[in-house]
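From just these sequences and the hints, can you work out the full model?
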Amino acid sequence: MTPTRSFQRLIEKPSLYGVIIALTILVMLPIVWLLISSLKAESDFMKWPIVWFPPTPKWDNYLRVLTDTRFDFLQAAFNSIILALLFSVPNVLFSASAGYAFARMKAPGRNALFVILMATLMLPQSVTLIPQFIMYSRLGLVNNYLLWFLWGLGGSPFQILLFRQFFAAFPRELEDAAAIDGAGRLRMFIQVFLPNAKPVLSVTFLFAFSWVWGDWFNQSLFLSGDKATLAMKLASAFTDPRGNPIVTLTLTGLVIYAMPLVLVYLLMQRQLVQGIVTTGLKG
Amino acid sequence: MTSDVLPYAPARTGRKILGMSRYEWVQNRWFYIFIAPWFLGFLAFTLFPVTIGVLMSFTNFNGSNFQTYQFVGLDNYREAFTQMLSSGDFWHAVTVTVRYALITIPINISLSLFIAVLLTRNIHGQGLFRTLFYIPSIIPVVASVWIFKALMDNNYGVVNSVLDALVPGTYVRWMTDYPFFVLVMWSIWAGIGGGIIIFMAGINGVPTEFVEAARIDGATNGQVFRLVTTPLLTPVIFYQFLVGVIGALQVMTQPILLAPGGLKSIGTIPPRETYTLMIHIYQESFTRLRYGYGSALLWLLFCVILILTLIVTYTSKYWVYYEVNPQEES
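So the sequence lines, in the order shown, correspond to chains A and B.
Using the working numbering, read the first sequence as starting at 1 and increasing by one per residue.
Using the working numbering, read the second sequence as starting at 1 and increasing by one per residue.
One-sided and incomplete, this derived list gives chain A residues near chain B with beta-carbon spacing under 10 Å:
#, residue
1, 30
2, 37
3, 46
4, 50
5, 90
6, 131
7, 152
8, 157
9, 184
10, 213
11, 247
12, 250
13, 254
14, 262
15, 274
16, 277
Ranges between beta-carbon positions, derived for each pair:
#, chain 1, residue 1, chain 2, residue 2, range
17, B, 165, A, 21, 14 to 24 Å
18, A, 173, B, 181, 57 to 67 Å
19, B, 68, A, 105, 46 to 56 Å
20, A, 21, B, 219, 22 to 32 Å
21, B, 181, A, 106, 49 to 59 Å
22, A, 52, B, 78, 52 to 62 Å
23, A, 52, B, 65, 50 to 60 Å
24, A, 168, B, 234, 19 to 29 Å
25, B, 181, A, 175, 54 to 64 Å
26, B, 78, A, 82, 40 to 50 Å
27, A, 170, B, 19, 24 to 34 Å
It is worth saying that the hints were derived from the structure and are not from the lab.
Just so we're clear, the structure is a prediction, and the values are computed from it rather than from any experiment.
Think of the CB as a built atom: it goes at the ideal place given N, C-alpha and C, for glycine as much as any other residue.
Pasting the structure below:
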């Protein structure tokens, strides 16, 4: 390495780290601000000039959000969990079965069906917005959690693709051995393929769960009243009995709302990143 | 499958199932059984609504005239074009949406590519930085929009406080005067994480022989990136661009949640600067009960997305570099 080259490297690296760290701080600041604000008293939050740090962190903000019956936070959280489970469990199961079929079986029309699957992946979801709403209100499915279960039964193209990719890489011998033991297609799927698909099962479950957990649009379109979920509740600010918004407590609620997803992401990030890369889509 | 490749097929034809002989059905049934839930879902939640939607766009359906609606031919589409020519609300919503797409997609792609390039330059803590950059994308939209409302608030926002400290007396009413800017900032902050992950995978996937060969030929970092990495990344950029267009043209949730005011419902009308096409379609259909006209607008949106997709796909052969045959076996 020539002297100029090594000198170049010497100043290049620190400046590279400098740029990366500066960008990271810029991206993380809003989240840090959310965490700090969630510990402030409302009066400190509203002060001008700004009070950067709360004089004493108000940890009981968290207790208040969780226990104050006027906010009904726990009920909404419970609703969100039920709704997300109603969707994700059948969604993962039937995405897996379709992915398995596309990866390991041949039948007339398979390629045509796969083209349909890819086309629905690119189809803008809003195109079906109006007819779906009319359909569901005629069928009495508006303000009904059953709707999410029915959506789940159909799987989703994104998840099917993940399973197909995963099952396609399974060794042929595994299948043959099971076939020699007399396993039919169904038993092979349940006893050989599913138990060996834990990484994809957990990733797809997390994708499905967080899709419902974070979705505000469909929930506020189809649900109301005591069926309201956390996403719907937190879209509007919490208010005091006189109807004034309390922003800090709302932000506290948002931390509790977003925290589970972020924690699970940190725990499972290797598999999640793999899932995102495989499909080129962002969950 | 014909019987000449399956010599043991029974001669007895019997009843046909799905157009197949009994033997073929037994051979293939598990495939159809396994995909049945997805396929029925596709029929019920996609194909049927799409068909109804097309038909509805030619009627004066208003949500309750199930027995008495009439086919009005192309009237709904004609009205949309009149609205466009007379710069009505529809046209305004189109310009907002197109501006949003034109600004956010190039910024998102180039910024996430830039950061991905920095992060793949043989540095320590690659994975840690990647994780941190993706956290904003994990946070549900309701929460991330609230963060921006708190940051950019007219009165107690951080951004105004910092500006005031730098240039005393500065006061910008971001949420009411520049809601479009806030929307763009949100979409960059929440959007680059996914792009970074996908581009990093793309860059790390560039065969090292290519990079080494270029280095032996005396290429600098910049030249390697411009002449080796970028061409190999064009399929990824192309795909990100398509997905970005499809998403951006349908944007609706974020402007509603960013709108000033405490109570938020799906019928909330945001400031005019962020009044997007989907919000206009929602208002026409669900508030003014003009489902027929709303469906026509949805189909115009769909056609625009389709045409853009076709244009991008068609022109891709001039700028997308495929190392392998794109029609690889599926």
